[in-house]
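Colleague: Taken in sequence, the protein lines are chains S and U. Residue numbering for the first sequence follows numbering that gives the first Met the number 0, starting at 0 and increasing by one per position. Residue numbering for the second sequence follows numbering that gives the first Met the number 0, starting at 0 and increasing by one per position.
In short, the hints are calculated from the structure, not lab data. Be aware that a few hints might be false.
Claimed, not checked - Computed footprint of chain U on chain S; a stretch qualifies when at least three of its residues, placed anywhere within it, have a C-beta under 8 Å from a C-beta of chain U:
#, stretch
1, 52-63
2, 156-162
3, 167-174
4, 287-296
Unchecked claim - Restraint-style ranges between C-beta atoms, simulated for each label pair:
#, chain 1, residue 1, chain 2, residue 2, range
5, S, H124, U, L419, 27 to 33 Å
6, S, N189, U, C22, 23 to 29 Å
7, U, D662, S, K161, 36 to 42 Å
8, S, P67, U, E438, 29 to 35 Å
9, U, D217, S, K161, 44 to 50 Å
10, U, L72, S, Y192, 45 to 51 Å
11, U, S156, S, S188, 54 to 60 Å
12, U, T707, S, D9, 54 to 60 Å
13, S, S188, U, L708, 53 to 59 Å
14, U, T707, S, D110, 33 to 39 Å
Idealized CB from N, CA, C, for every residue including glycine.
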Amino acid sequence: MFVARSIAADHKDLIHDVSYDFHGRRMATCSSDQSVKVWDKSENGEWHCTASWKTHSGSVWRVTWAHPEFGQVLASCSFDRTAAVWEEIVGESNDKQRGLSHWIKRTTLVDSRTSVTDVKFAPKHMGLMLTTCSADGVVRIYEAPDVMNLSQWSLQHEISCKLSCSCISWNPSSSRAHPPMFAVGSDDSNVTYGGKVQIYEYNENTRKYAKAETLMTVTDAVHDIAFAPNLGRSFHVLAIATKDVRIFKLVPMRKESVSAGPTKFEVQIVAQFDNHNSQVWRVSWNITSTLLASSGDDGCVRLWKANYMDNWKCTGILKGDGSPLTGSSGQPTAMSTVVGSSVQTSQNALNGMTAGRIGKRAPFAPPLRQLTSPKIYQHPAYY
Amino acid sequence: MEKMSRVTTALSSSTVTGRTMFCHLDAPANAISVCRDATQVVVAGRNIFKIYTLEEEQFVEKLNLRVGRKPSLNFSCADVMWHQMEENLLATAATNGAVVTWNLGKPSRNKQDQLFTEHKRTVNKVCFHPTEVYMLLSGSQDGFMKCFDLRKKESVSTFSGQSESVRDVQFSMKDYFTFAASFENGNVQLWDIRRPDRYERMFTAHTGPVFCCDWHPDDRGWLATGGRDKMVKVWDMTTNRAKEVYCVQTIASVARVKWRPERKFHLATCSMMVDHNIYVWDVRRPFIPFATFEEHKDVTTGIVWRHQHDPHFLLSGSKDSTLYQHMFKDATRPVDKANPEGLCFGLFGDLAFAAKESLISSDANKKPYPVGDRRYPIFFFKKPDPTEQFAHVSSALSVFETDLDSNRMDWFVKTAQLYLLSGKPFAELCDHNAKVARELKRPQVSTTWSMLRIMFSDPANLSTPGPNLSKLGTLPLMNSFSMKEMVSGVGTESRLERSKGESRQDNIHLDHSFIFLSENEETEGSEGQAEYMFGDAELDDDDLYSMEQENQAAEEQEYTLPQEAFQLRHEIMDNPSAPEHLQQDKADSPHVSGNEAEVTCLTPIESFSLISISQPLFSPHLPASFFCPIVREMLSYYAEQGDVQMAVSVLIVLGDRIRKEIDDLTQEHWYMSYIDLLQRFELWNVSNEVIKLSTCSAITGLNQTSTTLHVNCSNCKRPMSNKGWICDRCHQCASVCAVCHHVVKGLFVWCQGCSHGGHLEHIMNWLKSSAHCPAGCGHLCEYT
Chain S
0 MFVARSIAAD HKDLIHDVSY DFHGRRMATC SSDQSVKVWD KSENGEWHCT
50 ASWKTHSGSV WRVTWAHPEF GQVLASCSFD RTAAVWEEIV GESNDKQRGL
100 SHWIKRTTLV DSRTSVTDVK FAPKHMGLML TTCSADGVVR IYEAPDVMNL
150 SQWSLQHEIS CKLSCSCISW NPSSSRAHPP MFAVGSDDSN VTYGGKVQIY
200 EYNENTRKYA KAETLMTVTD AVHDIAFAPN LGRSFHVLAI ATKDVRIFKL
250 VPMRKESVSA GPTKFEVQIV AQFDNHNSQV WRVSWNITST LLASSGDDGC
300 VRLWKANYMD NWKCTGILKG DGSPLTGSSG QPTAMSTVVG SSVQTSQNAL
350 NGMTAGRIGK RAPFAPPLRQ LTSPKIYQHP AYY
Chain U
0 MEKMSRVTTA LSSSTVTGRT MFCHLDAPAN AISVCRDATQ VVVAGRNIFK
50 IYTLEEEQFV EKLNLRVGRK PSLNFSCADV MWHQMEENLL ATAATNGAVV
100 TWNLGKPSRN KQDQLFTEHK RTVNKVCFHP TEVYMLLSGS QDGFMKCFDL
150 RKKESVSTFS GQSESVRDVQ FSMKDYFTFA ASFENGNVQL WDIRRPDRYE
200 RMFTAHTGPV FCCDWHPDDR GWLATGGRDK MVKVWDMTTN RAKEVYCVQT
250 IASVARVKWR PERKFHLATC SMMVDHNIYV WDVRRPFIPF ATFEEHKDVT
300 TGIVWRHQHD PHFLLSGSKD STLYQHMFKD ATRPVDKANP EGLCFGLFGD
350 LAFAAKESLI SSDANKKPYP VGDRRYPIFF FKKPDPTEQF AHVSSALSVF
400 ETDLDSNRMD WFVKTAQLYL LSGKPFAELC DHNAKVAREL KRPQVSTTWS
450 MLRIMFSDPA NLSTPGPNLS KLGTLPLMNS FSMKEMVSGV GTESRLERSK
500 GESRQDNIHL DHSFIFLSEN EETEGSEGQA EYMFGDAELD DDDLYSMEQE
550 NQAAEEQEYT LPQEAFQLRH EIMDNPSAPE HLQQDKADSP HVSGNEAEVT
600 CLTPIESFSL ISISQPLFSP HLPASFFCPI VREMLSYYAE QGDVQMAVSV
650 LIVLGDRIRK EIDDLTQEHW YMSYIDLLQR FELWNVSNEV IKLSTCSAIT
700 GLNQTSTTLH VNCSNCKRPM SNKGWICDRC HQCASVCAVC HHVVKGLFVW
750 CQGCSHGGHL EHIMNWLKSS AHCPAGCGHL CEYT
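Isolated chain S (complex conformation) (with noise of 0.2 Å):
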């Protein structure tokens, strides 16, 4: 169940991306009107904006937040063909009284000749780097030599992938056996162009990235796509917003041989949904890649959980017109509906790990149960 706190963003345009800190008390978000905003979440659950500020001459399509060991920082990309990095600066204790904190742009990345579609930081075990993909199909890698230096940012690869891009996913996996790996969404409408995402891959010989896969059978315009947290997985998840969400299970295939050439993967798509019945804009997983969200033009979220037999379901479907009251804490407006047969149990839907796992080959059907408690909030009647 779901608890909707709206939140009074107060930006003059749309906003683009939404991106939470990596512990998860700190968000941004970024809009049309070229502005990044910092929430902080308070004590009591609330979420304070503690800094707005123009970052582009254009919309900012994306914000990203780097791992906090490089410090408070964030990278945003924009219209303007810039990325740009920013980085808190702390101790200022006028500012700090009056809730508000000071970020100062470390750098402008102006590779690009167009549109800067997205960035976001490699993993961290790769080091301070930053992946930016634009609107003319160019990857750029940057790295950070010295990670107390954020002013200086070296252009280390140069990707051409051809297609417009739209959006890039680092694999997360910090396994050695898994080489550097990220996946780029081309938002290019001509269906007749092919895959829509690329699979491109480190090679250590080389030391070039190189592409490994491309995904043949998404053929329309990718928005989002996003790998699942690895943890501890021998295979990787890509989950992708495109005119539908889809699943895919990328399993490297052993090599026979450590020679050269990009890591074979076999895959498999694992599931596919048109419930948005239009287009998907986002998708995104929780930290233990149980359960994935998306949200499409029909302005819902939905939530999907996979059982044990690793078939996807909508566990959930999450309004996204918040509360009349904006502001107000805790007002229980939006609603989380159960679809389908399969109510889970609040007790197997608890953490998402023991939830319907019963056995591979089991025979039946989870036991069905009622709803006990009166979880569902209705809508208030106002309409």
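Guided by the hints, dock chain U onto chain S, whose structure is given.
Modeller: Only chain U this time, still in chain S's reference frame:
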């Protein structure tokens, strides 16, 4: 009268015809202009001066005005304008300072009409009066504007801006006598054509040069200006002071700005450098272009709407030597690609969601006019504007928080904190962890711990079984299942062999299901499941019973001797409590594990599920190594399911019992993932414990990086030497607590500003009452 009818026909024809098309020019264009009936366009540049007719499908070159073998600099045009009243009349601004007029009605090849060479430097702009045939205005780099009467040989008046170079001059649409001029120093001046001595009004519009200005075609007194500061500003000139009504931030310096016909709030801009695109903005939504034309490969130098009443055709010339006609319907709409939603999962299972308000309110439970939506009440009574939808957008941001039990990550934090990974006998660790899991309502995990305990504990030394197990053992259901199992024992044996791998996992689920069953006795239909459990399970109920009995007997003993030294788990040594023969088995196990498992699994005589298989060895209990493959599968299963916590915890608790079964890379991966998770939840102590207990060199190494501390002596403030806590210089102990003045052993905290510090507790207490340093140095200490 005749003119009127022409306008309408031209309009009606141009609304339906044409397509996006282009033609190559011989040279880069500097400016373009259309004749009033929108059938011809003139392109002027340093090396080009041509007229093209706009046909349905293409541009057709009609006239080259650059004639003569050796064209003079007068042909080198910075600007061109076609008269909007007189269709044969053109004016150009030459880079040598000349203002030239051209009469297309001339019979000769050279159409040059008049030549004014009064400006001393490049003329940046020429402008015909919108209604007066003979009045021409020019603005030059030399800072002067001149007004020409085309019937006279020289200018009729000169306007001195008293500032820098003039970049643009534009006659007002509204006011017959007024024109605006923009300057390189950021000023805009308003002049009355009758008063050349002094400007009517001046204001600073931009920081840096104002490259262009354009009056709104409807006589609203709006002036748009564009500057090098990348901004387009719309000024309301009707008030006493020019008021900025809109401001559009573009991504590059603005070279040209042109209001879009018939669309009150739209204007087109192009840039002077870097950016080759043409943008059409809705000034009410100044952040994102309404439309973009991306055809040009070099800087766009001239833009003009083809017809003054048709918003669908835009002509542009560029440095890339092309002339384009853009159809509005072919424009890219950046908004379509701009995603209207943001979504992110938080660490604690909360979900931040930002979405365009129209999306989330457009569903069934849409409120007609909610209280909060009174922003634009005027528009309710106006006829709907098609661009309205574009202009007024906003996003709603909300955070969906999970309530207490479902999906939250509390279980993870609690589990991490409460699990015991070392320091107690193996069985106790398992029991404890099983209990933790059970209390957190994770029966499957709990049972796994209990099973592990049974699998790997030396039966002789079995301590109390977990409550779960005793429950299992005493359940009456159990017997019936096992009896069934006995009957189908033959089947089971093959199954056991066949599904050695996969059934291990089942086994784990089954435990879960079994407990579940015991809670819901009505779900009898699944008893087949339970069969599996005991069919494939490594411990049959006899075994369980025997344990149970043993335990009942040994219970007191167990409690009197709760922590026998030999039971202490030590992850470096092999399990010391294992009996001799098991030890040997174990020693063999790494290289023969597969086969050996097959063999040893058949050992227990009591194991009736295996009763029909030959039994080469008679051993009263299953050796622990028998379970290793199962446990390995189990750990992998947990890891693949995202519960790396379980995998790592078991790995640590089992230590050597399982470690050799799992390759180092995987172990390292699990450890890394788990440590990363723990650090996300700021469980530093647990993370540190895990690092310490891990056996992977790569992991233990994590604690050995960045461990150098540079310390100043608290007495003399000098850097300490590497050895010890006695300062070389003042020969005093540097680690004295500033509060109690004793030498600190253990946790020592100190302020990085003044080098003073002391016992953690003392300093914490001190800071509750005072922010100053307890040493009395006056420093406002900061402990981070």
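Colleague: Is it true that the C-beta distance of U:L72 to S:Y192 lies inside 45 to 51 Å, as the hint says?
Modeller: Given range 45 to 51 Å: holds, Cβ gap about 50 Å.
Colleague: Given that the stretch 156-162 of chain S was listed as covered by chain U, double-check it with a C-beta distance under 8 Å for 3 or more residues.
Modeller: violated (count 0)
Colleague: Holds or violated: the 23 to 29 Å window for the beta-carbon distance between S:N189 and U:C22?
Modeller: For S:N189 and U:C22 the Cβ distance comes to about 26 Å; the hint holds.
Colleague: A range of 53 to 59 Å was offered for this pair. Does it hold for the Cβ distance of S:S188 and U:L708?
Modeller: At 57 Å between Cβs, range holds.
Colleague: For the hint 54 to 60 Å, verify it against the beta carbon of U:T707 and that of S:D9.
Modeller: Since U:T707 and S:D9 have Cβ atoms about 46 Å apart, the given range 54 to 60 Å is violated.
Colleague: Go ahead and decide if the range 44 to 50 Å is satisfied by the Cβ distance of U:D217 to S:K161.
Modeller: 46 Å, holds
Colleague: Within 29 to 35 Å or not, the Cβ separation of S:P67 and U:E438?
Modeller: Roughly 31 Å apart at Cβ, these two residues keep to the hinted range, so it holds.
Colleague: How does the Cβ-Cβ distance of U:T707 and S:D110 compare with 33 to 39 Å: does it lie in that range?
Modeller: 37 Å, holds
Colleague: For the stretch 52-63 of chain S, do three or more residues have a beta carbon lying closer than 8 Å to a beta carbon of chain U?
Modeller: holds (count 4)
Colleague: Examine the stretch 167-174 of chain S: at least three residues should have C-beta closer than 8 Å to a C-beta of chain U.
Modeller: It holds, with 3 qualifying residues against the three required.
Colleague: Quick one: are U:D662 and S:K161 within 36 to 42 Å, going by C-beta?
Modeller: 38 Å, holds
Colleague: Taking a Cβ-to-Cβ distance below 8 Å as contact, does the stretch 287-296 of chain S have at least three residues touching chain U?
Modeller: holds (count 9)
This entry does not satisfy hints 2 and 12, going by the numbered hints stated previously.
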